[in-house]
Structures are given as C-alpha cells and as structure tokens.
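Listed in order, the protein sequences are those of chains E and U.
First residue of the first sequence: 1, per the working numbering; consecutive thereafter.
First residue of the second sequence: 1, per the working numbering; consecutive thereafter.
The hints are simulated quantities; they were obtained by calculation from the structure and are not laboratory data.
Don't take every hint at face value.
Dumping the calculated PhoX-like pairs for lysine-lysine here, alpha-carbon to alpha-carbon at most 20 Å [stated by the list, open to error]: (1) U/Lys220 x U/Lys155; (2) E/Lys33 x U/Lys155; (3) U/Lys165 x U/Lys255; (4) U/Lys74 x U/Lys190; (5) E/Lys31 x E/Lys220; (6) E/Lys141 x U/Lys141; (7) E/Lys215 x E/Lys190; (8) E/Lys155 x U/Lys33; (9) E/Lys252 x E/Lys165.
Simulated coverage check for chain U against chain E, where a stretch passes if three residues somewhere in it have a Cβ under 8 Å from a Cβ of chain E [stated by the list, open to error]: (10) 30-41; (11) 44-55; (12) 61-74; (13) 99-105; (14) 121-135; (15) 142-154.
Listed next, with one range per pair, are the computed distances between beta-carbon atoms [stated by the list, open to error]: (16) E/Asn106 x U/Tyr208: 31 to 37 Å; (17) E/Asn310 x U/Gly40: 28 to 34 Å; (18) U/Val195 x E/Ser11: 47 to 53 Å; (19) U/Tyr27 x E/Lys308: 43 to 49 Å; (20) E/Asp67 x U/Val329: 51 to 57 Å; (21) U/Arg19 x E/Gln324: 20 to 26 Å; (22) E/Lys339 x U/Lys227: 52 to 58 Å; (23) U/Val329 x E/His23: 29 to 35 Å; (24) U/Ile272 x E/Glu50: 52 to 58 Å; (25) U/Gln324 x E/Ala118: 39 to 45 Å; (26) U/Lys227 x E/Thr10: 43 to 49 Å; (27) E/Asp221 x U/Tyr208: 54 to 60 Å.
The beta carbon of each residue, even a glycine, is placed where N, CA and C say it ideally should be.
Protein chains: 2
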Amino acid sequence: MFEDKNQQRTSLSEFGEFRLIEHLTQYFPVKHKTTTKGVGDDAAVLSSSEDETVITTDLLVEGVHFDLSYMPLKHLGYKAVMVNISDVYAMNASAEQITVSIAVSNRFSLEAIEELYAGIQLACETYGIDLIGGDTSSSTKGMIISITAIGKAAKESIVYRDGAKPTDLIVVSGDLGGAYLGFQVLEREKQVFEVNPNNQPDLSNYSYIIERQLKPEARKDIPELLKELDVKPTAMIDISDGLSSELFHIAKQSKVGCKVYEEKLPLDPQVISTCEEFQLDSTMVALSGGEDYELLFTISISDYDKIKGNPHFTVIGHITEENQGLHLVSRANQEIALKAQGWNAFSNE
Amino acid sequence: MFEDKNQQRTSLSEFGEFRLIEHLTQYFPVKHKTTTKGVGDDAAVLSSSEDETVITTDLLVEGVHFDLSYMPLKHLGYKAVMVNISDVYAMNASAEQITVSIAVSNRFSLEAIEELYAGIQLACETYGIDLIGGDTSSSTKGMIISITAIGKAAKESIVYRDGAKPTDLIVVSGDLGGAYLGFQVLEREKQVFEVNPNNQPDLSNYSYIIERQLKPEARKDIPELLKELDVKPTAMIDISDGLSSELFHIAKQSKVGCKVYEEKLPLDPQVISTCEEFQLDSTMVALSGGEDYELLFTISISDYDKIKGNPHFTVIGHITEENQGLHLVSRANQEIALKAQGWNAFSNE
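Make a model of the complete structure from these sequences and hints.
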C-alpha cells in the first residue's frame, strides 16, 4: 500500500525548467475550440464568447492538504483538478480550462512528477478540460500545487451563493461524510503500517469511502441535469469544508436562516457502518466531514416536482427567515443550532 | 535596512481562514465593469466580451524566487503582481484582473500578510487591476505566492512568440541588466550585515538598480504606445529570464535566427559603473541578467520609421533565417553564438 514503486529516478535539476513544462504538457491535446492558444506563450488565449467567464483558484500544500504516505501521486493530480472544477460546477457553469503550477523539492524525481501529471491528464480527459498554462519551480520543502480553473455559462444561468429565499428547499447531490471517513481509515492504516510495515491491510470493507477520499469526482453532471430538468437553483455551493460550513456561507450571503433535518441527510451504508466501528456520530460526520465535493443548492418550492424522486438529489431541509438562525432538526424533533465547523487551514489540528 | 518594523503580532491561526480572506480583500474595490463578481463566491465571474481573454500564472517560492531578508513584504506583493501582468502586456493585451493565492508558515503574523497585501493593493491601484479571487492556506515552511492574471485584447491585436520573420527588427523597451545588478548589491550588503549588523549601508549610488530589483514596473505603457504608433509587433515576449533566453524562445517558436549588436544594448549609466565595480561584463549582464520585465519584440522593417527615435525603444538587431542561428555581433565586429542562459528554477545555484 505505501510502497514506492518508482524504480527509475531522474533529477529535476538536470532536466531543466523549460524542458520540464514541454515534457509534462505534451500529452494534453486541446479539446475546446474556445482555447485559441494553450501552453507555450507568455499567456494562454481564450476566444471571445457570448457566455460569461468563471474563474476559480485553489492552492494545495503537502502536509496541510494532502499526505503522500497514502495519497498516490496520480490520485493527487486527479483530486487537485476535481477540487478546482467543483467550484466551477458550483456556479452552474461548465469547466473548460485549467492552469497548473507546481513547486517541488529535490526529493521528487521526474518520474514522480510524471505520475502527478498522469492524474491531471486523466482528469482533463474524463472531464473535457484543456490544460492551458502553468509554472514549475523548485521548493525548499515538499510539494505545492496551485490550479486555476476557467469555465463558461450563459449570464442568466450563473448561480451565486446569495439568492436563497425563505421557503426554498435545500438539496444536496450524492451522499455525505464518505471522504472524511475514508481519511480516518487511511490515517489508522498509516499508523498500523508505521508499527509493522509488513502488515498488508484489507481495505475491501472501506472501498467506497476510501475512493471518496482518494479519487473524488466533481459533479459535472449536476449543472447538466439541472438544465435538462429546467431547474435553476436560487443559490449553490460545493461541499468542500462540510455541509454545515457551506450552509453558513449560503445563509450569510443570502441573509437567511435554515432548517435541516437529521433524518434526511443522505448517508451511504458504508458511512453508517464505519461510523459505528469508529464510534463516530454519523450526523456529525455528514455535517462537518468535508471533501465530499457534492453540490449543495436551494430551489424554489415550485420546482420541487421537477427534482422529486431523482436519485441524484436529496431534499434535506428548507430556508427560513434570517432571524430564525441555522438549525438541525434531530430525529427526536429537537432543534439544535448548527455550528460552522469548516476546516481551518490555519488551525494546528 | 533589514530591521523588522512589525511591532504588533497577531497569529493567523486565531484569525481563521474565511475571516482572513475577507479581511485582506476588503480594500480592493472593483474597477472594471467586466468584473461581474469578484471575491466571495465559489468562483469569480467576468462578463462576456468581444475581446479575447488572456490568462497567465506564476508561482513565487520563498528561498527560490525571493529572499525576505532584503525584500520588504510590501515590495514583494507589488513585484508578484508585476511579474504576472508583465506576461499579459507581452501578449499586447491589457491586464484587468488577478487572483492571488498564498500559503504561509506560522512564522508570519497577520500584520506581515497585511503588508504583503498592501503591496498587492498598490499594484492593483496603479495598474488598474481587480483582485477577483484567491486562496489562503498554511504551509509547513516559508511563503508561497501564486498569482493568475487575466487580460483582454482584440483578436487581431494579440501578439504571440511565433510571428518573427527574417529582416524583422528586434526591439527592447527600457534598459537591461539593472535588476540583476540590484540583486548583486543587495546580496553583498546582506553579507556585510551578517558580519556587522550595526553597519548601515549607503546605497544611494545604487538607487536605480535596487529599485529595478525590488520594485520593478511592468510595461503597461508599451502596448498602449504601440497602438498609438500603429505598430503591431510580429512577435513579443517579456524579459523575465534574460534577453538571451527570451531571444531563444522567439527564435525557436518563429523558426528563425537573429543577430543582436553588442553596441546597441541599452544600459543605464548605473549599470555600467556597477559592472565596473563588481568586475562584471556589462554585455553578459544585459544578455543573461533577467528580472528586468522589459518587453522584447520584433517589428516589420516597414514599421521602423514609426518607432525611430522614440526614447522608450531601442533597436538591438534583426531576425535572420533559422539556419543562421543566434548571434551577438561584438564591438570588434566578431559574431559570437548566443547561449540560452535562462534562469533555471531547478538548478542548485
């Protein structure tokens, strides 16, 4: 599981910066006709368009956002793209281009960076994204990945965080808490491995939640599906820091409150069984887990019939007036105030 | 010179990530009507346009690209913006927006990050740039800054690296080598300071070259001036890695050679006197120095009369057939083959 399979090792300093960019980007053919010029000049050029341009950026730091002792580099490359394009989908837009900048210490070989880019390439192929630029550099410690994603949407389709209205329904795609529990399982196995490196873990009972952690999929299908169903959400955000934290963002920017029902939170059976094993409260995990990269959105109650019974969607509650605050209604019908327990990149956890 | 003037110190972890972004971006009013939505949602939104969109990104790593022992944080913020928008101007485009992501270790206080953003803000004000997004994170070591710059240009105005033709004239804006020599002076003073911290250096003889290193200005004026003069360069690039390295980029992509004349290289008197003091060859410094952020471009010989005598421009040579290679013609009229001595971020220098 934690074995280094790289037999060959070419140092990056002997390869040189310019050759490295050319080398890494040679297998990224341009797919969109909007990409007039990709990698290879001072800047990339995107064609003019009647659509609006959507731009988002994220920085991933080794030891803060990822741990290479159980995150294979190819998965990391894939996930780094997902994290970014998820923000584009959360605008109800389609993702079209990315730039990727990396800084790596001399601990990393050329072959390691090729693995990272193989994951980025797979993500680009699967999601129809053009790699249009970036930068490579050395770092004094570890690996840093900075990705900017660019997307398009018709002006009238774009969904912000600030449009939720009282009585709107709160909807999530997919299920919650899996990525966080996958992380817990991997952390436990890492500790077991450190004690006994010969121990080969059986992770088959955790395959879904580990995949949610190591190879999340951004919900490209949701903006497409919403369009088919003729539903324009009133507010939307992706769930990167945890449902509770994202609800706070929507509530703050829309100047509303909300009620979310514990019994409605969508949980995979593996999430429930693993919560029992780890003695974790599955509701807490669903509310605060983070990294699921599902979409959280609100819709007018008049659109309910359009999404009712759709297996991709779960209605988990509704929007209230601002002065009512943010509450979870428990199975015992008690109202519990929600806390914005978003993941804080500056905390010492 | 190297004194830490920060009296107050607020830790970033007590401040929290979401509040930090809000806090740092509150003094960045939106200036462009194309910026439909800036900081504060999953992504920024730029309005549709008849112009093409130009996008470029750079990563700056402490200990690799900058040394905080003589680079004040405010200057660093300013320079980080210049490095990026310079690439936009090198496309003959106008820069309009940036995203800024930073990762910082707990060595940095809130007040230090505010200084950095004060420099970013000054750059945005001076150059008319909107800050539209970004990310803040902790790092395990040092500071990393990732900036993406976005610009606009009419399709027919954009200048790539691949359009230079034999007989085209090679032109540079401003003068060369200053930033590199400023770096040499600062490195020397740093060593003096380490031996005797009470020694207060007199840097008045080096004010121009130190400013070229610590507070470079991107050539926003050049695309504007070229438009006024009705000159569209056939190829253009900004000089970040050194004249010689940039000539190689243009030559390779345009499939041409070039001749550059030693006696034509534009040098400031302070560059010449400091080269004498440091016993450096001023031609080598001009060719390989880097970080000047001037623009290097080629024009059709028929446009010569339009730029002749303009104090912003120096014609330094001309484009030749590819098989003639890249040469410097010395003052003694000898042809010396140029080397692409670009700065390599992976070398151990």
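Fill in: Violated hints - listed by number, lowest first
18
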